[in-house]
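Engineer: Required output: the full structure, derived from the provided sequences and hints.
Residue numbers (our numbering), protein chains in the order written: chain A, 1 to 443; chain B, 1 to 443.
Think of the hints as simulated: they come from the structure by calculation, not from any bench.
These figures come from a predicted structure and were not determined experimentally.
There could be a bad hint or two in this list.
When chains are identical, the list treats them as one kind, so a pair holds in a single copy or across two.
As the list claims (entries may be wrong) - In silico lysine to any residue, SDA-like type, Cα no more than 25 Å apart, as pairs:
| no. | residue 1 | residue 2 |
| --- | --- | --- |
| 1 | K340 | A385 |
| 2 | K29 | E246 |
| 3 | K264 | L54 |
| 4 | K283 | V7 |
| 5 | K116 | I15 |
Residue strings, one per chain:
Protein chains: 2
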Amino acid sequence: MEFLSGVQQKETLEISQLLEKDYEGQTVKVNGAIHTIRDMGDVAFVVLRKREGLLQTVFEEEITNYQLKDLREAATIEVEGVVRKEERAPHGLEIRIKEIKVLSEPVEAMPLAISKWKLNTSLEAKLNKRAISLRNVRERAKFKIQEGVVRGFREFLYTQGFTEIHTPKIGAKGAEGGANIFKLEYFHKPAVLEQSPQLYKQMMVGVFDRVFETAPVFRAEKHNTKRHLNEYTSLDFEMGYIDGFEDIMGMETGFLQYTMELLKKDYAKEIKMLGMTLPNTDKIPFVRFDEAKKLVSEKYDRKIRNPFDLEPEEEALIGQYFKEEYDADFVFVTHYPSKKRPFYAMDDPADTTYTLSFDLLFHGLEITTGGQRIHDYTSLVEKIAARNMTEEGLEHYLDAFKHGMPPHGGLGIGLERLTMKLVGEDNVRETTLFPRDLNRLEP
Amino acid sequence: MEFLSGVQQKETLEISQLLEKDYEGQTVKVNGAIHTIRDMGDVAFVVLRKREGLLQTVFEEEITNYQLKDLREAATIEVEGVVRKEERAPHGLEIRIKEIKVLSEPVEAMPLAISKWKLNTSLEAKLNKRAISLRNVRERAKFKIQEGVVRGFREFLYTQGFTEIHTPKIGAKGAEGGANIFKLEYFHKPAVLEQSPQLYKQMMVGVFDRVFETAPVFRAEKHNTKRHLNEYTSLDFEMGYIDGFEDIMGMETGFLQYTMELLKKDYAKEIKMLGMTLPNTDKIPFVRFDEAKKLVSEKYDRKIRNPFDLEPEEEALIGQYFKEEYDADFVFVTHYPSKKRPFYAMDDPADTTYTLSFDLLFHGLEITTGGQRIHDYTSLVEKIAARNMTEEGLEHYLDAFKHGMPPHGGLGIGLERLTMKLVGEDNVRETTLFPRDLNRLEP
Chain A
1 MEFLSGVQQK ETLEISQLLE KDYEGQTVKV NGAIHTIRDM GDVAFVVLRK
51 REGLLQTVFE EEITNYQLKD LREAATIEVE GVVRKEERAP HGLEIRIKEI
101 KVLSEPVEAM PLAISKWKLN TSLEAKLNKR AISLRNVRER AKFKIQEGVV
151 RGFREFLYTQ GFTEIHTPKI GAKGAEGGAN IFKLEYFHKP AVLEQSPQLY
201 KQMMVGVFDR VFETAPVFRA EKHNTKRHLN EYTSLDFEMG YIDGFEDIMG
251 METGFLQYTM ELLKKDYAKE IKMLGMTLPN TDKIPFVRFD EAKKLVSEKY
301 DRKIRNPFDL EPEEEALIGQ YFKEEYDADF VFVTHYPSKK RPFYAMDDPA
351 DTTYTLSFDL LFHGLEITTG GQRIHDYTSL VEKIAARNMT EEGLEHYLDA
401 FKHGMPPHGG LGIGLERLTM KLVGEDNVRE TTLFPRDLNR LEP
Chain B
1 MEFLSGVQQK ETLEISQLLE KDYEGQTVKV NGAIHTIRDM GDVAFVVLRK
51 REGLLQTVFE EEITNYQLKD LREAATIEVE GVVRKEERAP HGLEIRIKEI
101 KVLSEPVEAM PLAISKWKLN TSLEAKLNKR AISLRNVRER AKFKIQEGVV
151 RGFREFLYTQ GFTEIHTPKI GAKGAEGGAN IFKLEYFHKP AVLEQSPQLY
201 KQMMVGVFDR VFETAPVFRA EKHNTKRHLN EYTSLDFEMG YIDGFEDIMG
251 METGFLQYTM ELLKKDYAKE IKMLGMTLPN TDKIPFVRFD EAKKLVSEKY
301 DRKIRNPFDL EPEEEALIGQ YFKEEYDADF VFVTHYPSKK RPFYAMDDPA
351 DTTYTLSFDL LFHGLEITTG GQRIHDYTSL VEKIAARNMT EEGLEHYLDA
401 FKHGMPPHGG LGIGLERLTM KLVGEDNVRE TTLFPRDLNR LEP
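Structural biologist: Below is the structure:
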C-alpha cells in the first residue's frame, strides 16, 4: 500500500526561497507564467509572474535549449538556470536560462496589456476580462490587502474571545425586511437570500457570548452607484454583556489598529506597490448624528434639509470636517434616528427619537453600521408591534429572547468598501473580484 | 471632542483571567447566564454559563443582597463576590456572592433541560429550538471544534503561499451544471446559486497560483439523508504548477496534520468534553477506485454491481477495510471514472475511462472531492463538446484558459461532514448550526 505523509516537496523554488540564502552561481529550477518578454537582440528578458511577485529570467540564444520565437507571453513554463545578482532586476537577482520546459500555451494574444505597471483601461473592460485583468500585479495586490483585512478581523477577534460561526444564507425571512430581498423557491416553499446574518448572530450571542462571521450577504437594491453591490462580503460580529455601544466601537477600533499593524508587517510589498498611506487609527472621534449635521452645516454653509437623514454628500463633508479639524481618517457618527434603524436597534432611553447606534465613516464613506440591540423580550415585541410588523417568521428569533439574552450589540463591515478606501479607489467594484450589480451577473 | 482609543477595559473577569493568578479571598465581578440553580437549603449553587465554560457562584441567604426565589434560570446577571478555592467546582474555584445585578430576565420556563450533561432529546427537537439547545455546553463544543477546523485550514494554507478569495454566490450558470441548482430571478435575468466556487477558483489560479475560499455552497439535491445538506460550508482550495494530483492529496494531508495539532493545542477542553479521539493523520493510504472495490468485494464477500459507481455501503466498507488492515482513519480513493466526474476533471492519459481525481474517505464517509483539472484550452473545449455541453455561460471561464493556465488542481471539503466525523456524530445536522434540508428552512 502507498501512503501520503504530508506536503510534497518541490524541486522548483519560490521567490522567498531564492532570497533566503545566497544562490549566486547555482543552478535552480523555477516556474511561472510569462508576464512579459523584452527582446534586446542578443538576450531577452523573460519575466515570470509568480505568486510572490515578478522574477527575471534571461534568455541567451546560444545557451538556452529553445527558440525565443517559440516562447509566448502568457505561457506557463518551468525554467532551469543559474542565479546571478542583478541590481536592476526585481529582488536583485535574475536567472540565466539553460533549459525551458513549457507547461501550457495560450491560444490567443492577450486582450489587455497586463504587464504594464498601471492597466490603462476602463473599469468595464477590466471587469469584462476579470480573469485576465487581475493578472496585473497592481490589480491583484488590492486583493492581498483585502485578505489582510479579513485575516486581521478574524485574528483580532479570536484574541478577544469571539467564536466564528457559519449561518445560513437561504432563509424564510430576511433579517432587515423591506423590498431589497432576493427571493427564490426552496422546494416549493418561498425563501429569501439573507441580507445580513443579523438575527442568527444575535441568537448565537446567547450561546457563545461573542461571535463573528465573514460571509456573503445579498441586497436586491436597485441603486447602481460606485459604493453599492448586490452581493458583498460582510464582516460581522456581535458581543454580549456590553455596558453600552461604546464597547462595540471600542472593539472595532481595536480591530482597525490590529489590522493596520498586520498590513504593515505582512503586506508591506503591496502597500508599497499601491502607494498606500495607512489611515490613523490611534484614536477615533465619535460625534452624535445631529451634532455632526450641525457642525458640517455651520462650517460649510450648507442647509440642513432633513434632520433625520444623512445624505452621501453630508457624509463626505463630515469626513472632510474631521480630517481638517482633527486629522482623523475615521469618525463614528452615533445616535442615528430610530426611524432610520431596524426594529432590533435599541432606542436611546434619554430620547427615543434616536438609537444607541452608530456608523463608522472612513474618509466620508460609511463602511460600518452597528449598535446596541434590544435584549429584553417584552421591549422587542412592543417595538415590533409599534412598527406594525408581524412576528411571523421571527418566532425562532424571539424564542432566544424569551429565554434570556444578555445586553448586546454588534456591527457589520462592508469588506469591499473598507478595502476600496484603504487602497484609495473610488469604486467598490475595483476591490471586488467578481462584482454583482444591476447590470452585471458575469463573470 | 471625544475619542475611542481601543478595546474598552471591563471590570468583570473572564474564567481564563480568574485562573491567571491567585484571586483567593479577593472580591471580583463576573457575569454570565444562569445555567442552573441547585438549591441546597442554606446555600444555593448558581452556575453561570460563560463563553469559556461554567463558573460556580454560591448564594448564601444571609450574605447576598437578593432573594433566591427571584433568581431564575436563563437570566443573565452580574455578580460581585469573593473567590474561594473549591476542588469540586469547575476550574477548582467558586465565587461567594455578595451582590447580584440582574441584566435580563426570561419570560418563560426553558423548553429544554440544557444544563444536563447530555441533552436527551431528539435531533428534531434540538433543531426546532436551536437557539436554546446550543446553550448546552456539549452541543456548543461541537462548533468550537468546527471553528478549529476552519482556522486550521486557513492558517495552514497561508503558510503554504495560498491567497484567500471571495467569489460570488449568485451567478449566471452553476459550476457543475445538472439539476441540483437553486434558481432565482436577478433583476429580471435568470440566475443561480453557485454549487461550488469551482470555476472561479480555477480562474484565480491564473492570478495567484494558489487560492482558497471558505464559504457557503448551495445544492438543490432532493435526497434527505444523514449526510446531505442543501446549503453547507465548503473549504475549497486550488493550486497551480502541480506535478500531479498527489500534490493536492499531499496538501490535504498537511492540512489535516496541522489541524489535529491545532485542536490538541487550543481545543483540548472541547476534545475532552466530547470524548473525542483524534484520527491518525501521520500517513494516509491511497488506493485506486477499481482496486478499492475489488479489495472490499473480496474481503467482505460482496458482489460488484456497478464497476463505475461507489455506493455509500461500499464507501463504508472501504473505510472498514483500511481501518482493519492499516489502522487508517482516512483513505484517498483515486482514479474515479470519467463519466462520474465533471467536465473539467482531467482524464488519466493512461486510460481515459478514469480521471486523475480522488475522494477522501474519513471512516468510510466521503468528506472531500478533488483532483487535477484540464489546463489546456483545446482539451477543455473538446471535452465540453464530447459531453454535448454548451460553452454558453462558460465564455469567461474559457477565456482564462485561452490566455494560459498552469497545470493545476484542487479540492472541496464539506466542513459539516468533517466536523461530524471528528466529533463522532452520525448526522451532519448535528454539526450544522442552522441546517437547511428538504424540510427545514427555519430557524
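Engineer: Could you run down the list of hints and mark each one as holding or not?
Structural biologist: The hints, checked one at a time:
In this homomeric assembly, K340 and A385 come within 25 Å of each other (Cα to Cα) only inside a single copy, at 17 Å, whereas the closest approach across copies is 54 Å. In this assembly of identical chains, K29 and E246 lie within 25 Å of each other by CA distance solely across copies; the values are 20 Å between and 55 Å within a copy. Proximity of K264 and L54 under a CA criterion of 25 Å is satisfied intra-copy only: 21 Å inside one chain copy versus 39 Å between copies. In this assembly of identical chains, K283 and V7 lie within 25 Å of each other by CA distance solely across copies; the values are 11 Å between and 44 Å within a copy.
Taking CA atoms no more than 25 Å apart as the test, K116 paired with I15 passes inside one copy only; the shortest distance there is 21 Å, against 55 Å between copies.
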